[in-house]
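Assemble chain B onto chain A, guided by the hints.
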Amino acid sequence: MTRNIRKMTIALAAILTTATSAWAMDVDEIVAKANEVSYYQGDDGRAKVNMTITDDQGRERTRAFVILRKDNEPGAGSGEQKFYVYFSRPTDVNKTAFLVWKHMDKDDDRWLYLPGLDLVKRIAASDKRSSFVGSNFFYEDVSGRNPDLDNHVLVEENDTYYVLDSTPKDKSGVEFASYKSWIHKATFLPIKIDYLNEAGEVYRTYEALNVEEVGGFMTVTASKMTDVKAGSSTSMTYSDVAYDMGLEDDIFSERYLRNPPRNLLR
Amino acid sequence: MTLKNTFLTLALLGAVYSPAALADGPSLPPGLGGPSLPSGLGDKEAEVTEKEEAPEPAFNVTGFIEARAGTRLQDAQGYDDWTLGELRGQLSLDGMTDTLTWRITADAVLDPVLEEYGPDLGRGEGVLDLREAWALFRPSGNMDLKLGRQILTWGTGDLLFINDLFPKDWNAFFIGRDVEYLKAPSDALKLSWYGAKASVDLVVTPQFDPDRAIDGRILTYYNPMTGSVNTSPAALRVQSENGPEVAARLYGQSGSTEWALYYYNGYWKSPAGFDIVDLKATYPELAVYGASVRAPMLGGIGNAEVGYYDSRDEKSGADPFTPNSQWRFLVGLEREIVPDLTGAVQYYVEKTEDYDAYLGALLPGMPKVDEYRQVLTLRLTQQLMNQNLVLSGFNFYSPTDEDGYLRLNVAYKVTDALRVEAGSNFFYGAANTSFFGQFEDNSNIYVALRRSF
Chain A
1 MTRNIRKMTI
11 ALAAILTTAT
21 SAWAMDVDEI
31 VAKANEVSYY
41 QGDDGRAKVN
51 MTITDDQGRE
61 RTRAFVILRK
71 DNEPGAGSGE
81 QKFYVYFSRP
91 TDVNKTAFLV
101 WKHMDKDDDR
111 WLYLPGLDLV
121 KRIAASDKRS
131 SFVGSNFFYE
141 DVSGRNPDLD
151 NHVLVEENDT
161 YYVLDSTPKD
171 KSGVEFASYK
181 SWIHKATFLP
191 IKIDYLNEAG
201 EVYRTYEALN
211 VEEVGGFMTV
221 TASKMTDVKA
231 GSSTSMTYSD
241 VAYDMGLEDD
251 IFSERYLRNP
261 PRNLLR
Chain B
1 MTLKNTFLTL
11 ALLGAVYSPA
21 ALADGPSLPP
31 GLGGPSLPSG
41 LGDKEAEVTE
51 KEEAPEPAFN
61 VTGFIEARAG
71 TRLQDAQGYD
81 DWTLGELRGQ
91 LSLDGMTDTL
101 TWRITADAVL
111 DPVLEEYGPD
121 LGRGEGVLDL
131 REAWALFRPS
141 GNMDLKLGRQ
151 ILTWGTGDLL
161 FINDLFPKDW
171 NAFFIGRDVE
181 YLKAPSDALK
191 LSWYGAKASV
201 DLVVTPQFDP
211 DRAIDGRILT
221 YYNPMTGSVN
231 TSPAALRVQS
241 ENGPEVAARL
251 YGQSGSTEWA
261 LYYYNGYWKS
271 PAGFDIVDLK
281 ATYPELAVYG
291 ASVRAPMLGG
301 IGNAEVGYYD
311 SRDEKSGADP
321 FTPNSQWRFL
331 VGLEREIVPD
341 LTGAVQYYVE
351 KTEDYDAYLG
361 ALLPGMPKVD
371 EYRQVLTLRL
381 TQQLMNQNLV
391 LSGFNFYSPT
401 DEDGYLRLNV
411 AYKVTDALRV
421 EAGSNFFYGA
431 ANTSFFGQFE
441 DNSNIYVALR
451 RSF
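So the protein sequences, as listed, match chains A and B. Residues in the first sequence are numbered consecutively from 1, following the numbering used here. Residues in the second sequence are numbered consecutively from 1, following the numbering used here.
Chain A on its own, in the form it takes in the complex (with noise of 0.2 Å):
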């Protein structure tokens, strides 16, 4: 009994010790790190995507992209980007190809390239906010939201999760009044977010389904937006995940909207 209590003790002693030194962690530092692990991995990365959106009538529709992806400023964690979609289905999308350039003090730059028209046409970028493809994530969802936008407040702490508020510092331009996040302290990756309305009620909730460790990164190869209002949900699966494969900057260019870059979409 003793030798249990001795030992349960020090076990005490240890969790609350590496809590301790946890709730010194700053919060802008633990998202920071998560804004990393989500958007930032490696200096490039390449993916397969399915989604399937799933309406509230459980009718199902599907879509099929690849997404390449390449940081501004290699090892930084943050800051611009570039990324490249090439959509294979539906089918009447199929080689409908998406370029953006994302910035942090401006809008973002995207063009969409029609096959049909060999149209090359430029798309503002005021609504990051909206549905991408038709599904439940956002393009900032897909592409990532800057950090600095919120305000983030760590609310918890567990053996297993950092969880923050956060609150947009300017509210004109997005639709949640807060979001909560359920933060893995080990990976720094998002488990859940839920984000909140004005009423404090959860209007749509971001869960990770399934991590895989891929070129040494621990990367989300399955997640799930569900609207719980509407009652529908899209879920997304990676696939062929690769990481730091030297992707030249020029295939983020007019060229390879026109002309895909065939051999890294296979």
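Keep in mind the hints are simulated off the structure, nothing from the lab. One thing to keep in mind: the hints can contain errors.
Said to hold, decoys possible - Incomplete in silico selection of chain B near chain A, CB under 10 Å:
hint: 1; residue: 25
hint: 2; residue: 32
hint: 3; residue: 64
hint: 4; residue: 68
hint: 5; residue: 99
hint: 6; residue: 101
hint: 7; residue: 149
hint: 8; residue: 151
hint: 9; residue: 158
hint: 10; residue: 166
hint: 11; residue: 194
hint: 12; residue: 196
hint: 13; residue: 300
hint: 14; residue: 334
hint: 15; residue: 335
hint: 16; residue: 339
All C-beta atoms, glycine included, are put in the ideal place defined by N, C-alpha and C.
Frame of chain A, contents of chain B only:
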């Protein structure tokens, strides 16, 4: 139990229970020590993830089957009510080898309205419409060469084209085919060179590819020779041109601003001239020099484009059978008005050079254009039901011609593969001689059903 023991027990209880209580969070997903699947299932999943890479198919196949029908909203003397009626199947094959990528896109068409069944690949008529047949080579790291039948587009206008002199199919556009059929293919060679500051496209079309212009077989138009809107379905007699066309673009980007310079040497794309000896419409020679910019502004995307149309067969402006040279200019802005509703406006001007000479040479019966012909366009696009229902409207209005053209379309994606669509093309104008006004008798509505695969 001593006080000390009680305290310890409480502390321990706290230690044991508080994480659980604090956790009050999501269970961890697999891969982070979360609930793992039963071994059998887990293995299976592993098998699935690590399945052998399927051999890459030699080519990909996509396509669609579509039925589309349209009818006039009013009688047109001498013409059938049907403006569109077709069953179309498209097959698109593409693939790549070590040295090139290629694509062939062909439509099989049954068109009982036009009743042309012999394939005419130049006009895109008959049972076979070849949309694309090209190969893309990469002669060096910063160069692409695309050879064959291809759809080509550049410039910044939205359904207004200044420096895009690649062939358009106005007939397809006006009767309500899918908007991608507005672009007719070119049989051309496109050489692209990519630099750090600027890039160059050079397009050589060995044999002139004119627009597929309104020629009177399905849609009526104003015929200056008879001084009236034509009243019998007969194709306009046109003197064909076989010379080459050259189009070039030098373009780049500075910050978020895209800029481009353009050059074209070929012919007026529509039969804008007339040969009074042969009594045939002609394609007079044309060179175009232009420029454009496009950049984010006012919460949207702004663009401006200019072009000088040098009508090379017309030196003084006094030849009534050859169009005068022109300046063409447009500015536009597109932005989201409220979520899922996008609006776009454009202002376009066409200035006729040597206007006094033009007026002096104008023959009776020929429609007179203003020195500054102006067009305003408005586009509204509303997305509903998770982007599965799209309502769109596009209006051309010319205050100088007092005419216009309203395009309306409703498209609903029943499933990922099935789309139903309805729309209208409505032409209006004070006179039946003006650009849009002459098409008044062609105003139509259409419906379509498309199954993609």
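Results of checking the hints against the structure:
With a least beta-carbon distance of about 4 Å to chain A, the hint placing residue 25 of chain B at the interface is held under the 10 Å criterion. Checking residue 32 of chain B against chain A by beta carbon gives a least distance of about 5 Å; that is within 10 Å, so the hint holds. At about 7 Å, the closest approach between the beta carbon of residue 64 of chain B and any beta carbon in chain A falls short of 10 Å, and the interface hint on this residue holds. Hint on residue 68 of chain B is violated. Least Cβ distance to chain A is approximately 15 Å, over the 10 Å limit.
Because the smallest distance between the Cβ of residue 99 of chain B and any Cβ of chain A comes to about 12 Å, over 10 Å, the interface hint for this residue is violated. At about 6 Å, the closest approach between the beta carbon of residue 101 of chain B and any beta carbon in chain A falls short of 10 Å, and the interface hint on this residue holds. With 10 Å as the threshold, the beta carbon of residue 149 of chain B stays out of range of chain A, its nearest partner Cβ sitting at about 12 Å, so the hint is violated. For the restraint placing residue 151 of chain B at the interface with chain A, the shortest Cβ-Cβ distance is roughly 4 Å, inside the 10 Å limit, so the hint holds.
For residue 158 of chain B, the shortest C-beta to C-beta distance to chain A is roughly 9 Å, which falls under 10 Å, so the interface hint holds. Taken as an interface hint, residue 166 of chain B checks out: its beta carbon lies about 8 Å from the nearest beta carbon of chain A, inside 10 Å. For the restraint placing residue 194 of chain B at the interface with chain A, the shortest Cβ-Cβ distance is roughly 5 Å, inside the 10 Å limit, so the hint holds. Checking residue 196 of chain B against chain A by beta carbon gives a least distance of about 9 Å; that is within 10 Å, so the hint holds.
For the restraint placing residue 300 of chain B at the interface with chain A, the shortest Cβ-Cβ distance is roughly 4 Å, inside the 10 Å limit, so the hint holds. A least Cβ separation of about 6 Å between residue 334 of chain B and chain A falls short of the 10 Å threshold, and the interface hint therefore holds. For the restraint placing residue 335 of chain B at the interface with chain A, the shortest Cβ-Cβ distance is roughly 5 Å, inside the 10 Å limit, so the hint holds. At a threshold of 10 Å, the smallest CB-CB gap from residue 339 of chain B to chain A is about 5 Å, leaving the interface hint in force.
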